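Number of protein chains: 2
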Amino acid sequence: MSLNLTPLQNFPLVKTGDSISSLILACLANSNLQVMDGDIFVLAQKIVSKSEGRLRNLNEAIPSPESFELAKVTGKDPRFIELVLQESASVLRARENTIIVEHKRGFICANAGIDHSNVKGEFGDDQDWVLLLPEDPDRSAAGIRQELQSVTGKQLGVLIIDSHGRAWRNGTVGITIGLSGVPGLVDLRGTSDLFGFKLRITQVAAADELAAGASLVMGQAAEGTPVVHVRGFPYPLREAQLNEMIRPKELDMFR
Amino acid sequence: MSLNLTPLQNFPLVKTGDSISSLILACLANSNLQVMDGDIFVLAQKIVSKSEGRLRNLNEAIPSPESFELAKVTGKDPRFIELVLQESASVLRARENTIIVEHKRGFICANAGIDHSNVKGEFGDDQDWVLLLPEDPDRSAAGIRQELQSVTGKQLGVLIIDSHGRAWRNGTVGITIGLSGVPGLVDLRGTSDLFGFKLRITQVAAADELAAGASLVMGQAAEGTPVVHVRGFPYPLREAQLNEMIRPKELDMFR
Chain A
23 MSLNLTPLQN FPLVKTGDSI SSLILACLAN SNLQVMDGDI FVLAQKIVSK
73 SEGRLRNLNE AIPSPESFEL AKVTGKDPRF IELVLQESAS VLRARENTII
123 VEHKRGFICA NAGIDHSNVK GEFGDDQDWV LLLPEDPDRS AAGIRQELQS
173 VTGKQLGVLI IDSHGRAWRN GTVGITIGLS GVPGLVDLRG TSDLFGFKLR
223 ITQVAAADEL AAGASLVMGQ AAEGTPVVHV RGFPYPLREA QLNEMIRPKE
273 LDMFR
Chain B
23 MSLNLTPLQN FPLVKTGDSI SSLILACLAN SNLQVMDGDI FVLAQKIVSK
73 SEGRLRNLNE AIPSPESFEL AKVTGKDPRF IELVLQESAS VLRARENTII
123 VEHKRGFICA NAGIDHSNVK GEFGDDQDWV LLLPEDPDRS AAGIRQELQS
173 VTGKQLGVLI IDSHGRAWRN GTVGITIGLS GVPGLVDLRG TSDLFGFKLR
223 ITQVAAADEL AAGASLVMGQ AAEGTPVVHV RGFPYPLREA QLNEMIRPKE
273 LDMFR
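One line per chain: the protein sequences are A and B, in this order. The opening position of the first sequence corresponds to residue 23 in our numbering, with each subsequent residue numbered one higher. The opening position of the second sequence corresponds to residue 23 in our numbering, with each subsequent residue numbered one higher.
If you're looking for bench data, these hints aren't it; they were derived computationally from the structure. Since the model is a prediction, treat every value here as computed from it, not as a measurement.
Identical copies go unnamed one by one, so any copy, or any two together, can satisfy a pair.
The calculated SDA-like cross-link candidates involving lysine to any residue, where the alpha carbons are at most 25 Å apart (straight line), are:
id, residue 1, residue 2
1, K94, T224
2, K98, M275
3, K98, P270
4, K126, F276
5, K98, R269
6, K98, D274
7, K98, K271
8, K98, Q225
9, K94, L80
10, K94, L273
11, K98, L77
12, K94, M275
13, K126, R277
14, K271, A132
15, K271, A189
16, K126, P100
17, K176, S44
18, K126, D274
19, K271, T120
20, K94, D274
21, K98, S86
22, K271, R115
23, K98, E272
24, K271, A116
25, K271, E124
26, K94, E272
27, K98, L114
28, K271, R161
29, K176, S24
Generate coordinates for the entire structure from the input sequences, incorporating the hints supplied.
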């Protein structure tokens, strides 16, 4: 009946080319966790990005005129802005210290998800290294899931999450940027309530609710527990893609 | 190390005047859960609202000219719109089938959180009854927490949550509308990352992350598990108010 979220302990630092599934399996072997059908692994995007070699050095970015202009508005490094624009489909807002974009993969977030923290590159000033999001988080999730399933023989789900700010409210929450085997939305329309009335609301963003809960136990700083094992997810696992969670532009009143 | 979210089984239907804390304690007595310092109870707003007698009959609402106008735009019942406006500080968006407002308590949501489902009134057509949010969810949370603490002798937290839609993404997520003893935000600014760099992001919306995770196991329909017991919340409990989670208007780019 319970939902249990357990961060894997002693997960190693990830380098380009590492297999995330192998690292998870090694971690599991050193724990007393037995994987079961229906279990889900929630992964911080950072480890997936690192394994895919998504580190970039700002010195290799050549700012466009638009990047210089947005750098002025935001007060950010034009090389950084250049990378943000390369990762984005459009810019929603640019203000002092803030740039909110539609990422190429469809979701809205600050800085196209490009991150400075927990990143250390191979040459030059460490402050010049940044980490892009995985190229295709759904594909990354599907690959990791397939590897985990083929070794364990269990039906599993994989969620790749990031921490995003939100409209209207302070603070970041964990949110899904890629998924495999976990329903993004669960449709309760047509379900009856306690008195037999049909429910009007309806679509629960189940993957994002799980992303938020798992983010809570990952820690954001030095703890370094980027993988969370989930048992007790209350809905059946199924194939899914991030796309189902993105509100179509024409139905979005807050762009 | 784990975060455990356990819905209380066999929680009864709540009526006006019921003591939520007494119902929780009775439920606990029938379970094998022993409350510990640091545990949190997450409550669906619906049970708190019902206990506070926040049921309203649409026939008692007298629509203003503004309500008639918004009813035309949205296609909603003008009596329903009247109640929405009475509960709101301002209207952000009104479209066919949708009205998004700033609730009097500061948060942004559809329909001022007024709900048709799982509501059954005392007279007339059941379809005419709706449920308003608690009058002051922070105060409600504080009262319930105080009662739970005085009986159990433990330091506890209480979160009152609702399911809200979001900008940019499909589906609803559980979100905090009132809290006591649980940090709304956890500030990690100044914390070092794995390589000793200072983190720039920073404020984690811890209460909302917990609200989302707990919502996942509450179920939205006939299951009726409106109280979730939480063990393993990873941050110290402290006094807090919803206000810290609301982005000030002048800093909000998406109103």
